[in-house]
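Visitor: In case you want the letters, here they are:
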Amino acid sequence: MLKSFIFLVSRFSKDEFYSWLGEGMRACYPLATHRVASTPPETAFRGARLSFGQRGAHRTAVDELASLYNNLDKNAQSRFRWALARLLSSCAASPTPLLNAALELSLETVCSEALPPLTEKIRASANNPEARDWLCLKAAFFLDEFPPSLSIRNLATAILYQGPSFPNVIAAKLLVSLCRSDLENAEVHAKELRDQLGTQMASLGKYRPGFLRFCSDLQVALKNASASTRSQIAKDKFYKKLVPELDEKVRGKGPTSDETRRIVDEGCLRRRPTPPAPHQPGSHP
Amino acid sequence: MTRNEFLDALCATNSKLALIALNNLCRGLKLRLIPKSSFQQFLDECVAILDTELPTVDDTDKPEALVRCLRRFTSRASVMRGCARLALEACEVIPVITVLRTREFFYEEPQRTHEIYETRKGKIDSPEELRSALANWSSSRPSWHFGKDRDFFWVAPLGDLPPPFDQPQASGYVDPLAAQSHRDQLGLSHYGRSDGPLLRAIISPDDGQAALTFYRPTAYDGLDNPAFRAACDDETLETTPAHGRTVVLPAVKSRLQNVDGTREWICPSQEVPWEYIAFDFLGELDDSPCAEDERFHAAMLAVLSRKIPCDVVAAELGAYAQNA
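These protein sequence lines map, in sequence, to chains A and B.
First residue of the first sequence? That's 1 in our numbering, and the numbers climb one at a time after it.
First residue of the second sequence? That's 1 in our numbering, and the numbers climb one at a time after it.
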């Protein structure tokens, strides 16, 4: 990336960043059904012809922008993130290539400013199950990769409590994220997620490394939970098997293959009706 | 700036990457793999970009800007520039391979990543995980889109690889040399450890079903790859075949006389039904890409200079750049 280009971009104001980013991203990812950039990033972004597209044609606009972001100083990075969050807000809550690219870029730049607009989109898509599912799948990466914060908690609770059900496959990441960001209510969330998590275990059980990673993540997330929270969660055999350390008396190092199968079976076969959500939209802490 | 001023300024940068690209363009022109008019048009585009962009570039950045301008455009360049040569010899049905990063393979499949409780940039670490992933994928979509992000993709005949890699892998077995061998034989200088595990797709179209269109790659297609060679040493105007040939990376590094690898073509991006594709897990590479290694650039330049010495490249290209 040319130093002159980095210097040029680093002097952009917030609004200039927004217009430069929006113009380029819209040129790269027009509102179409496919994700292939219709204009290469080096042409789409003003001033980038000799800086983007240099490390192979497989580099997407998101790759190039993330690399640019890493070369900016702290102040310019902050303006970049602001512009990105505004771009995200301006996108419709539907699975378009532009929104996909904006979310990918938010993940690459760990743009915490993107969390409120994403949360808003998940709330707004309550009547569009297809869009909501897609947004939830993307959002699970934010839950996984961003440090615990109020914004992350809001995002996780919006997925869990506001609107129709979410895809089962994100239940594990959702639970870990909620335990990290809202430990006080871990027991409530665990109860709420119990059935969908059981369904996910059915497929996760086939991939033992993933299953063990999940157990370990959950154990770490619950490490600082109060004794009462831990004991409440441990009352459920399903969770006690997932994290044996929840029960002080159990000294196992983790579930064995047989236990994994049993957990999966229990998760699939002993489904209980979903309890009513304890929190109304917007009222959750 | 004129075309010749651009070429002179480029040579004056002494950039090995630029000299490799220029040498290939020169060889392509000599063998008429690239028409003179297309080369002149290419130079005009470079000059137009530089006339616009250079005023905003610092003096210290200018040599770099010139090199970048030369190497910027590779996407399906031959086909788009109308100078591609349809490779008739490849129209017979032969199994070809293309190498992919597992990351590319699972691009835009968040559902899959969550299912195995993976991170966004998660890896497929074993043939078993690849098999499970494929079972999942093939049930949800009818085909795999090759070259989706780049408009084209590179292929080589499976049978040109050295044994045992010239056959589909035995189920579940991964040769520890598989990734390295493919990278070296196919001249994939831009792949390294950080790319994660590699896969190869064996495409075997059946009687014209999902048949691919093969083109001989030209210097335009390899502008961004320092391990690209426009033509083999023994090619002449009368004997240019309808395929390119890769260079064997260790042979280049060792400056061997014969660096010829497998035949290769480019194919415009295409959807291929699953029944015509077999995927093999190749594993990870254990070193860095040699595309970023100056010593490799020097070695490659030495290979190319055997046909056209560096000091005559500018003069020869200058003649092609003239209108008359």
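Hints may contain errors.
Here are a few chain A residues that face chain B, going by a calculated C-beta distance under 10 Å [to be verified]: (1) E42; (2) G47; (3) S112; (4) E113; (5) P116; (6) E145; (7) P148; (8) A171; (9) R194.
Hint data in this document are derived by calculation from the structure and do not stem from the laboratory.
If you're wondering where the values come from, they're calculated on a predicted model, not measured in any experiment.
Where is the CB? At the ideal position from N, CA and C, for every residue including glycine.
Visitor: All the hints need checking, so say for each whether the structure fits it.
Guide: Taking the hints in turn, this is what the structure says about them:
Taken as an interface hint, E42(A) checks out: its beta carbon lies about 6 Å from the nearest beta carbon of chain B, inside 10 Å. At its closest, the beta carbon of G47(A) sits 7 Å from a beta carbon of chain B; the interface hint therefore holds under the 10 Å criterion. Here the hint on S112(A) is broken, as its CB sits about 16 Å from the closest CB of chain B, past 10 Å. Evaluation of the E113(A) hint against chain B yields a violated restraint, the C-beta minimum of about 19 Å exceeding 10 Å.
Contact between P116(A) and chain B, as hinted, is not supported at the beta carbon level, the nearest pair being about 21 Å apart and thus beyond 10 Å. Satisfaction of the interface hint for E145(A) is found here, the shortest Cβ-Cβ separation to chain B being roughly 7 Å, below the 10 Å cut-off. For P148(A), the suggested interface contact is broken, since its CB lies about 17 Å from the closest CB of chain B, more than 10 Å. The interface hint given for A171(A) is met, as the beta carbon of that residue sits about 9 Å from the closest beta carbon of chain B, less than 10 Å.
For the restraint placing R194(A) at the interface with chain B, the shortest Cβ-Cβ distance is roughly 17 Å, beyond the 10 Å limit, so the hint is violated.
Checked against the numbered hints given earlier, the structure breaks hints 3, 4, 5, 7, 9 and satisfies all the rest.
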